[in-house]
Amino acid sequence: MVSAHMQSRAHSNLTQRSAGLALRIDNLSHGFSFEGHRLPVLERVSLDVAPGEFVALLGPSGCGKSTLLRLVAGLEPADSGTLLGDGLAITAPDPSRVVVFQDPTLYPWRRVWDNVALGLEAQGLLKTTKGKVDEALAKVGLSQFARAYPRQLSGGMAQRVALARALVNEPRLLILDEPLGKLDSLTRIAMQQELIDLWQRQGYTALLVTHDVEEALLLANRVIVFSDRPATIKAEITIERGYPRHRDDPYLLDLRKQILGLLGLGERW
Amino acid sequence: MSSVDLVDTHESERVTSGRIWLTGLLAAAFWMASAALIVWWPDATRRWPMTQGLANVCLTVTALIVLAVVMGRWSEGVARRARPSGAWLIALPVLLSLWELLTAKLGLLPVPFFAPPQALLDVYVDDWPRLADSLLHSAILLGSGVAVGAATGFVAGVAIGWSRSIGYWLHPVLRILGPVPSTALLPLCFFLFPSSWSASLFLIALATWFPVTVLTWSGVSSVDKAYYDVARTLGATQRFLIFKVAIPAALPHVFVGLFMGLGASFSILVVAEMMGVKSGIGWYLQWAQGWAAYANMYAALLIMALACSGLISGLFLIRDRLLAWQQGAMKW
Numbered sequence: 001m002v003s004a005h006m007q008s009r010a011h012s013n014l015t016q017r018s019a020g021l022a023l024r025i026d027n028l029s030h031g032f033s034f035e036g037h038r039l040p041v042l043e044r045v046s047l048d049v050a051p052g053e054f055v056a057l058l059g060p061s062g063c064g065k066s067t068l069l070r071l072v073a074g075l076e077p078a079d080s081g082t083l084l085g086d087g088l089a090i091t092a093p094d095p096s097r098v099v100v101f102q103d104p105t106l107y108p109w110r111r112v113w114d115n116v117a118l119g120l121e122a123q124g125l126l127k128t129t130k131g132k133v134d135e136a137l138a139k140v141g142l143s144q145f146a147r148a149y150p151r152q153l154s155g156g157m158a159q160r161v162a163l164a165r166a167l168v169n170e171p172r173l174l175i176l177d178e179p180l181g182k183l184d185s186l187t188r189i190a191m192q193q194e195l196i197d198l199w200q201r202q203g204y205t206a207l208l209v210t211h212d213v214e215e216a217l218l219l220a221n222r223v224i225v226f227s228d229r230p231a232t233i234k235a236e237i238t239i240e241r242g243y244p245r246h247r248d249d250p251y252l253l254d255l256r257k258q259i260l261g262l263l264g265l266g267e268r269w
Numbered sequence: 001m002s003s004v005d006l007v008d009t010h011e012s013e014r015v016t017s018g019r020i021w022l023t024g025l026l027a028a029a030f031w032m033a034s035a036a037l038i039v040w041w042p043d044a045t046r047r048w049p050m051t052q053g054l055a056n057v058c059l060t061v062t063a064l065i066v067l068a069v070v071m072g073r074w075s076e077g078v079a080r081r082a083r084p085s086g087a088w089l090i091a092l093p094v095l096l097s098l099w100e101l102l103t104a105k106l107g108l109l110p111v112p113f114f115a116p117p118q119a120l121l122d123v124y125v126d127d128w129p130r131l132a133d134s135l136l137h138s139a140i141l142l143g144s145g146v147a148v149g150a151a152t153g154f155v156a157g158v159a160i161g162w163s164r165s166i167g168y169w170l171h172p173v174l175r176i177l178g179p180v181p182s183t184a185l186l187p188l189c190f191f192l193f194p195s196s197w198s199a200s201l202f203l204i205a206l207a208t209w210f211p212v213t214v215l216t217w218s219g220v221s222s223v224d225k226a227y228y229d230v231a232r233t234l235g236a237t238q239r240f241l242i243f244k245v246a247i248p249a250a251l252p253h254v255f256v257g258l259f260m261g262l263g264a265s266f267s268i269l270v271v272a273e274m275m276g277v278k279s280g281i282g283w284y285l286q287w288a289q290g291w292a293a294y295a296n297m298y299a300a301l302l303i304m305a306l307a308c309s310g311l312i313s314g315l316f317l318i319r320d321r322l323l324a325w326q327q328g329a330m331k332w
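Residue numbers (the numbering used here), protein chains in the order written: chain A, 1 to 269; chain B, 1 to 332.
It should be emphasised that the hints constitute simulated quantities derived from the structure, not laboratory data. Hints should not be assumed to be uniformly reliable.
With a Cα cut of at most 20 Å, we get these calculated EDC-like pairs of lysine to aspartate or glutamate [what the hints assert, rightly or not]: (1) A/K257 / A/D228; (2) B/K225 / A/E178; (3) B/K225 / A/E76.
Simulated coverage check for chain B against chain A, where a stretch passes if three residues somewhere in it have a Cβ under 8 Å from a Cβ of chain A [stated by the list, open to error]: (4) 214-227; (5) 243-256; (6) 287-295.
We treat Cβ as the ideally placed atom computed from N, Cα and C, and that holds for glycine.
Given these sequences and hints, build the entire structure.
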C-alpha cells in the first residue's frame with residue numbers, strides 16, 4: 001500500500017504540473033483614495049515568478065509591498081494590469097494561494113488544532129482529511145499543543161501555528177507578509193531555517209515581504225528591491241547560492257551592502 | 001506558572017484536612033445564640049406565630065454548619081466549599097438577630113409596615129401554593145419574552161452588522177424605538193394587544209431586544225478585519241464568515257447585551273404584572289400591599305431577589321462555558 005502510494009505520487013509528479021504556481025505580474029498599478037484624491041501605491045510593476053521559486057520583496061516602509069501581496073492573494077482587485085497564476089487571471093482568494101500575515105491572527109476562540117483545520121473546514125474537506133491537520137502540526141513541531149488555546153502560546157509558537165494553518169491547504173503559492181517581523185531575533189533565526197526546510201520539502205512558490213535584508217538573502221532565490229511609493233521595481237538580484245546559507249558568507253555580505261545602498265542606507269553601514 | 005498553582009493547591013489541601021474549622025464553630029455558636037434569643041426573649045407587642053419555627057430553622061443551620069466542620073476534617077471538597085463563606089455565616093445570624101430585636105422583641109419599628117422574620121416564615125408555610133403559582137406565571141412570561149427578544153435581537157444585530165441594506169432599514173427603527181423606556185409603551189400596548197399577557201410579552205421582548213441587538217451589532221462590526229482576510233484566503237464562503245468568524249468573535253459582546261437585556265426585562269415584568277397581568281410575582285406584591293399584608297410582600301420580594309439573582313448567575317455560567325477561551329473574564 002505504501003509503495004502504491006509512493007508510485008502514484010511519483011506518477012503524478014511526472015504528469016501533472018509541479019507543486020509550485022507560476023506567477024505573472026504584468027504592468028500592475030494600484031492606488032487608494034485618500035481624503036478625496038487618489039494615492040498611487042503600485043506603478044506599472046511587472047514580475048515573473050517561476051514555479052517553486054522563492055522571491056523576496058524588499059523596499060522602504062509603506063512602499064506598497066504588502067498591497068502587492070494582497071492583490072496576488074486576490075483579497076482586492078487591482079486597478080489596472082494583469083495578474084496571472086498558471087496563466088489564469090487572479091480575481092478572488094483561493095486556498096492554493098495562502099497568506100501568512102505579520103500577526104498570527106489565530107482565532108482566540110479556537111484551539112490550536114481547530115485553527116490549523118480552518119482552511120479544510122471552510123472548504124468542507126475536514127471530514128476526510130483530519131490526518132492532514134495532525135501532520136501539519138507535527139511539521140511545525142507543535143503536536144503537543146493541539147488542545148491549547150492561542151493565548152497560551154508564545155509569539156513564535158503562534159506564528160508556527162499560522163504557518164501550519166497555511167501549509168495544511170497544500171498551497172501552490174505561499175505568500176509571506178513579514179511573517180517573522182514581530183519575533184525576537186533567536187526565534188527568528190530558528191524559523192528562517194524552518195521556512196527554508198518546509199519550502200524545500202513542499203516545493204511551493206514563495207513570495208516573501210520583509211524589512212530584513214539579511215533574511216531576504218538567506219531565504220530567497222531572487223530579491224526584488226522596490227522604490228519608495230508609488231512602488232516600482234528598482235533592482236532584481238539573483239542569489240547564486242545553495243542552502244543552507246551562512247549569514248557571514250562574503251558573497252552575501254557583499255550583496256547586503258549593495259542592497260542597503262539601493263535602499264539609501266549605503267554610507268551608514 | 002502551573003507549578004506554582006500546584007504548590008498552592010497542595011498547601012491548601014494540607015491545611016483544610018489538618019486543622020479544625022474554627023470560624024465554622026464560631027458561626028454555629030452564633031446561630032445557636034440567635035435561636036436562643038428568638039425563643040426566650042419575650043415578644044414586645046404581640047405573640048408572633050412561627051417563632052418556634054424560626055428558632056428551629058436557626059438550629060437546623062447550626063446543625064448543618066457543625067456537620068460541615070466535622071465532614072471538613074475528612075472531605076476536602078466539603079472544606080473547600082464551606083470555608084470561604086465563614087465570615088458571612090457569622091454575619092447572617094447577627095443581622096437576623098438585629099432584625100428580630102428591632103421588630104418582634106423590642107417593637108422599635110412600626111408594626112404593620114415592618115414584619116419580623118418569623119412572619120415571613122409564616123407566609124412561606126401558609127401561602128406557598130399562591131407564591132409558587134405566582135413564581136411559575138412570572139417565569140413563563142419572563143422566559144417567553146426574553147427568549148423572543150434575545151433571539152430576534154441576536155439575529156437583528158448580526159444582520160445590521162453584516163448587511164448594509166438591512167442596516168439601512170433597521171438602524172433608524174433601532175435608534176427611535178430602542179431608547180424609549182418600555183414601561184412608557186405599557187398603556188398603549190395594553191390597548192393594542194388582545195390580552196395584557198401578550199402585551200407584556202411584547203414589552204419584555206422589546207426591552208431585551210434593544211441591548212442584545214446593539215451589543216451584537218457592535219460585536220460583529222468590531223471584528224478584526226484580518227480574521228476575515230485569513231478565512232477568505234483559506235477558501236471561506238460568506239456563510240462560513242458569518243457563522244464561524246463573525247458570530248464567535250462577537251459572542252463576548254452578545255453576553256453583555258444579554259446581561260443588560262435580562263436586567264431590563266425584570267423591571268418590565270414586575271411593572272406589567274402590577275398594572276395588568278392578573279398573576280405573577282409582581283401581581284402578588286401589589287395584591288399583598290392592597291391587603292396591607294406586608295409580611296407577604298417581604299416574602300415575595302425575597303423570593304424575587306433570589307430568582308433574579310439565580311437567573312443572572314445562570315447566564316454567567318453559560319457565558320463562562322462558551323467563552324472559556326477568554327482570559328481574565330469577570331467573575332459574577
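Evaluation of the provided hints:
1. A/K257 / A/D228: Within the cut-off at roughly 19 Å; holds.
2. B/K225 / A/E178: holds, 18 Å
3. B/K225 / A/E76: holds, 13 Å
4. 214-227: holds (count 3)
5. 243-256: Result for this restraint: holds, n = 5.
6. 287-295: violated (count 0)
Of the numbered hints given earlier, the model fails hint 6 alone.
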